[in-house]
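2 protein chains.
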Amino acid sequence: MEALIEMLGNATFENYVGAAEGYTEMAYQMSAHVLTLGYAVMLAALLYFVLTIKTVAPKYRTSSVLSVVVMVSAFLLLFVQSNNWTGSMIYDAESARYMLGDGNDLFNNGYRYLNWLIDVPMLLFQILFVVTLTKSDFSSIRNQFWFSGTGMIVTGYIGQYYEVTSPTLFFVWGFISTLFFVHILILMKRVISEGKEGAPPKAQKYLGYIWTLFFFSWMLYPGAYLMPYLFSLSAEPAMSEMAVVARHITYTVADVSSKVIYGIFLTLAAQEMSKAEGYDYESMENAL
Amino acid sequence: MEALIEMLGNATFENYVGAAEGYTEMAYQMSAHVLTLGYAVMLAALLYFVLTIKTVAPKYRTSSVLSVVVMVSAFLLLFVQSNNWTGSMIYDAESARYMLGDGNDLFNNGYRYLNWLIDVPMLLFQILFVVTLTKSDFSSIRNQFWFSGTGMIVTGYIGQYYEVTSPTLFFVWGFISTLFFVHILILMKRVISEGKEGAPPKAQKYLGYIWTLFFFSWMLYPGAYLMPYLFSLSAEPAMSEMAVVARHITYTVADVSSKVIYGIFLTLAAQEMSKAEGYDYESMENAL
Numbered sequence: 038m039e040a041l042i043e044m045l046g047n048a049t050f051e052n053y054v055g056a057a058e059g060y061t062e063m064a065y066q067m068s069a070h071v072l073t074l075g076y077a078v079m080l081a082a083l084l085y086f087v088l089t090i091k092t093v094a095p096k097y098r099t100s101s102v103l104s105v106v107v108m109v110s111a112f113l114l115l116f117v118q119s120n121n122w123t124g125s126m127i128y129d130a131e132s133a134r135y136m137l138g139d140g141n142d143l144f145n146n147g148y149r150y151l152n153w154l155i156d157v158p159m160l161l162f163q164i165l166f167v168v169t170l171t172k173s174d175f176s177s178i179r180n181q182f183w184f185s186g187t188g189m190i191v192t193g194y195i196g197q198y199y200e201v202t203s204p205t206l207f208f209v210w211g212f213i214s215t216l217f218f219v220h221i222l223i224l225m226k227r228v229i230s231e232g233k234e235g236a237p238p239k240a241q242k243y244l245g246y247i248w249t250l251f252f253f254s255w256m257l258y259p260g261a262y263l264m265p266y267l268f269s270l271s272a273e274p275a276m277s278e279m280a281v282v283a284r285h286i287t288y289t290v291a292d293v294s295s296k297v298i299y300g301i302f303l304t305l306a307a308q309e310m311s312k313a314e315g316y317d318y319e320s321m322e323n324a325l
Numbered sequence: 038m039e040a041l042i043e044m045l046g047n048a049t050f051e052n053y054v055g056a057a058e059g060y061t062e063m064a065y066q067m068s069a070h071v072l073t074l075g076y077a078v079m080l081a082a083l084l085y086f087v088l089t090i091k092t093v094a095p096k097y098r099t100s101s102v103l104s105v106v107v108m109v110s111a112f113l114l115l116f117v118q119s120n121n122w123t124g125s126m127i128y129d130a131e132s133a134r135y136m137l138g139d140g141n142d143l144f145n146n147g148y149r150y151l152n153w154l155i156d157v158p159m160l161l162f163q164i165l166f167v168v169t170l171t172k173s174d175f176s177s178i179r180n181q182f183w184f185s186g187t188g189m190i191v192t193g194y195i196g197q198y199y200e201v202t203s204p205t206l207f208f209v210w211g212f213i214s215t216l217f218f219v220h221i222l223i224l225m226k227r228v229i230s231e232g233k234e235g236a237p238p239k240a241q242k243y244l245g246y247i248w249t250l251f252f253f254s255w256m257l258y259p260g261a262y263l264m265p266y267l268f269s270l271s272a273e274p275a276m277s278e279m280a281v282v283a284r285h286i287t288y289t290v291a292d293v294s295s296k297v298i299y300g301i302f303l304t305l306a307a308q309e310m311s312k313a314e315g316y317d318y319e320s321m322e323n324a325l
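Residue numbers (my numbering), protein chains in the order written: chain W, 38 to 325; chain S, 38 to 325.
Think of the hints as simulated: they come from the structure by calculation, not from any bench.
Reference listing, derived: stretches of chain W covered by chain S, where coverage requires no fewer than 3 residues with Cβ under 8 Å from a Cβ of chain S:
1) 59-66
2) 70-79
3) 120-130
With a straight-line cut-off of 25 Å between C-alpha atoms, the simulated DMTMM-like cross-links for lysine to aspartate or glutamate are:
4) Lys172(S) to Glu319(W)
5) Lys91(W) to Glu319(W)
6) Lys91(W) to Asp317(S)
7) Lys96(S) to Glu319(W)
8) Lys239(W) to Asp174(S)
9) Lys239(S) to Glu319(W)
Cβ coordinates follow ideal geometry from the N, Cα and C atoms, glycine included.
Given only the sequences and the hints, what does the whole structure look like? Please build it.
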């Protein structure tokens, strides 16, 4: 194992498994399918956000625009991430398993991380254009979102390079990243609580959903980061393989929830607020 | 045969045939052409749904938006599925047949399945934004559609991994998937019957078409799932080959019918309903 790690340099868990025991057809393909689903959802949702932008009053449209920005960047990065997977592993007929291809690119989740460098600030800013803050200052919250969002991603990005080669560094960087994450959760809780005050009842309901969705979907990311350790790094091949598939699925579920479903709920909340303020898209005579 | 299956791991029928006898040029290319036709139709229809969105009153436009979402995701997934086919098989000059390429990616219909994970709920929700339910509850029907739609796809997805290696598992998962399908059919029948009540006569006519179309086009999917057994797995090469081509054709016909033609009929029904409610796109002076 030591020799293998040395050979791989900053091995990610995916390459480590691919070089050691490889993947069954089912594990390799489930990963490929899930990664493909991920970017397809982003492009599909991009059109949703473009086509529904006029269902909300002009003051709320920045939220849709930010969703569009997130969809474009997530689509492209997840597309590259997906090709990174299929381009790393090749089918070895002798062992009937997919192995890390000789001379192929290695697999690394870093594409996702740099995607988040765009998406995380956008997703956090987005809600500020829908809710009305009663006590907190818009600029202050925005800057704190930006600071902790960026801090969380950069430290997590560095940490993920050490998931196999240096557990200590992996956990230290992961811990720092988590501190930023906790700060974001506290801020978001405050934003949603203030936003609910004075919002029409149906919008309040959607804001409630958004908090639950935000909490659970963002919690999936640290889970995916820790996946090699949750399934135990030194376990038997079938477990390692399962950890890799579980990570792909977890990231995809988290991305779809925290970007697409979150954006849809914000659109629905904004539609209710628009109606309450006299902007009713459905009753417009010549809605264009 | 046992050795071949072992070599292929969770062999799909397509790989099994490709590794054993391979495909004639005609069988390989008909498959390639049909798969290409599939994604081309989706991109073409995407434009149709975008460009006709204003021919219906605002309250019906969600149906068009959902058609667009379905077209984008289906286009991308079918594009990858098509490349999966051409990337798996290579022409072997000696036998003058297309064979599973050594070291190439294997073929798997799983891309389709995960595409349906997006499309099936969207297609089922879509009709709820066109018809008016007289007795049933919108949220209840929507949740049941979502539950059974997802259940049907996930169980079918797992099942298709065993089509060659474990007929028992293949049929058990397929059977569970069919139970969800029957539930969906019952729900859809109810939705369409209620939707017809009070709808203008021409819209009623289109809703009638939609039920017939829905019933037959969705029935094609279990047919495609069972294709290796419909043509008998142990039959001679020419039959196996025909089963593979027939499956590609069946899936494509089903996809075009259940997504594109279904969406067009819903648009036509919504146009009639819009007219009956005083929204007449054709008579608008400066329709934009």
